[in-house]
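With the hints as a guide, bring the two chains together.
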Amino acid sequence: MIIKWLQILGCVTILTQNINAASFIKGRIDADSTWSPVVYLSIIPSFDQLYSMSNQMIIESSELDEAGRFSFETDYLPAENYIYRIHLSKKGDPPASLIIGGKDENHLFIIASNKSNVLIENQNHESLFGRVDIKGFQPAKMLREIDEMVLFVDTANFNSTSLKRELMEKALDEKLRQFADTCAFPLVALYAIYKSDFESNIAENPGFYNRFLDKWKDEKSPYFEEFRKSIPAENKKQNYSILFGLAGLFLGSIFTFYILKRKPQKTEPVEILTIQERKIFLMIQSGKSNKEISNELNIEISTVKSHVNNLYSKLKINSRKEILNI
Amino acid sequence: MKNSIKTILGVLLFVVIGTSVYSQEETMFSVQSKIELNGSSEPSDMKIEVTIDKCHFDINVRCVITEGELKIEIYDEKGKKQGSFSTGGLAENKIVKSEPNLKKQTVKKVNGIVVKENASIGTWTVRVIPQNATGEFALDYRQMSKNEN
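Protein chains in written order, with the numbering used here: chain E, 1 to 326; chain U, 1 to 149.
This is chain U alone, in the form it adopts within the complex (with noise of 0.2 Å):
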């Protein structure tokens, strides 16, 4: 069975809760994910979008990987990277000295949060690079508008 099959079907956990709360002073719309990595998940982007201009819209991903190693990168509208999350090594670090209590964790676990206010109309991305991962990872996002009237 190829990969990108396992990939779907690793995805044990896949809640949606999309929410619109009309009110006087705020629109607002919600939704929840959860992704379960098995192993022989493979890269995936996950498409975003933003639909009400000049909003409050955040994102927030948190990963929790017992074996191998997940990258989540969130590019905006325009396509720059606004975060990066690892529950791995992003780069070389060359300090000798490092966290002792962080390196014995065999869970490990990142969690990431990009905010923006005023965002415009479009398309955010959200890359899950996973590399032999077994774990969970969790999405949530929210755009919220103050209404004029």
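This is chain E alone, in the form it adopts within the complex (with noise of 0.2 Å):
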């Protein structure tokens, strides 16, 4: 019976630490002394404010415990993913301080919503969050990931020629893109793209950008909403152009069928005679006699019979009345 009781009771803590464990963002830091012991959350709203910081952006803040621990609870988080930034202040500088680029950087991003789980733990490093390792919700994860490939390009150490470099961001940008053509999930794959430099890349691979949104045509994010616009109106015109293009073809096609359809029964009679026998047709219907033709055109009165006979043929009539007519 004690022991039923101690099986219930577990299963019972179970529960509750799963149902505590849900939809967080928690981890530890490992940070030096020269960092406030604090940890701010700020949303993303757009890829164009990832590197932007002010105090309305930030929506929570953590203190580290002794171990470097922290916790946000996300249930207000809104249901759809979006991108947040997690980010420590230097000693003496205020919570809105945001450091981009180099050894110093102190900053995050994660993907997460009010359903989602992430954990973060960061490794010691000569840089805050130089080496991250994130569990959890997988775009978290992947965002990582690219995070990790930009990182590697940004602090290797070119000492030759600034092609080399050229090369290794040009070969990144094309991963990236890669990346993000395969990726199951839409913000990430967004993300990926907006890492590579895409700006300069649609001019020349504006089929890309087109599938991609193709593909996701359903997303309705503000993230995706804000990508569709910076599509340059080029590559719509173009696009405009060609469904121009096709519906005039297509038109032309139409009238010219038209035309040539009229065309043979307005022209049919004489059409199918030739040269001479149009000639001696004409003649006919001005009322002239077998022999007049004959004098007129130069040739024997046998071979106007000739003409005339096939001409009734080809016509299908029987007297010079019926040329009259026709």
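Calculated directly from the structure, the hints in this document are not laboratory data.
Given the structure is predicted, the values throughout are model-derived calculations rather than measurements.
One or more of the hints may lead you astray.
Heads up, simulated DMTMM-like pairs for lysine to aspartate or glutamate below, C-alpha to C-alpha not over 20 Å straight-line [stated by the list, open to error]:
1) 170/E x 45/U
2) 34/U x 45/U
3) 78/U x 45/U
4) 78/U x 154/E
5) 90/E x 126/E
6) 78/U x 204/E
Below is the structure:
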């Protein structure tokens, strides 16, 4: 009996832990004494604001305990996936402090919703978020993969020519586009595109971005709306011009079809005759006899008769009177 | 008096320290400046020349505003925005919950640092956009390059 109660108690404890563990962003940050022991959570409402900072963007803070642990409850976050930023400030700096690039970069991007669990563990490294392990919510993990790719190229030491750096950056952009193309999470895929130099690539590779938007055409998040607007108007015009061109071709084909269809009806009697027969046809219509035709065309009368017979046969008539009615 | 002239007069303190340190290991050039905003200052662009190729380059901005709002935008030599820092709202925050301690602030502060390793030669732009802002804006930047010898 006691064992049964203990089993039930155990189940309740596990269940309670799971309930408590639901919907959180928490982790451990190994920050040295130059940092204030407070972690801030900010919402990034658009890709244009990735590297923006203001007090209004900060939605919550959590003090680091002695072990460097912090925790945010996320039940109040939107149900849709959004990008969030976690950052620390240097001692003496205000909470709204952002360091972009370099060894002292003070922030980390994650994706979360009101249902997601994100666990962040940083490891000893010369920079605050230089080596971070993200567990739990798969899109947040994949976002970190992208940041690590970008960080690798940003911090790589290029002692030789700038050509080497340029090649490396182009290879990174290509890799990010491949990542975006195959990623199953739309916001992560879009993040990869934003991390590549997509603005300068749109002109030379518009098909890729159109296909990408087509693939995620049902995505209505503000991030996708923002990206759709960033596709240059020229590309849209180009698409419209293709549509207009196809429509014109279609209408032109219909018009030509009707012209061709109507034309034979008008010219059928004359068109089926030879040049000589047409001359004779017109002479008969003007009331000339076979002899007059023979003299005028300078051909034998028997030849005229032969042409007249052919003419009758082709026009399916039997007398000169019928020629006058055509 | 025109607002632009007021802005110039509003620059109560402008300190420029240009330091060039030449040693076997490193060349450094740094500039520090401070601008006071008097409430009628107008938007302006500050140009920063990166003169050392493939150098370490960083820009540090610090804003302390008692009234109004101030927004700073930093653009690299290609005109691409590298950072944006504001004492006010940058975008509508649709989440009702917000950090309560920050809402109470009467003096609004925001700091931003943009670091670029292997920076290319060119002109960076710091766009200062005050809106009836009274307070102080400080800007420092450095270029550092390792000598080959």
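(message) To test your reading of the hints: which numbers does this structure violate?
(response) 1
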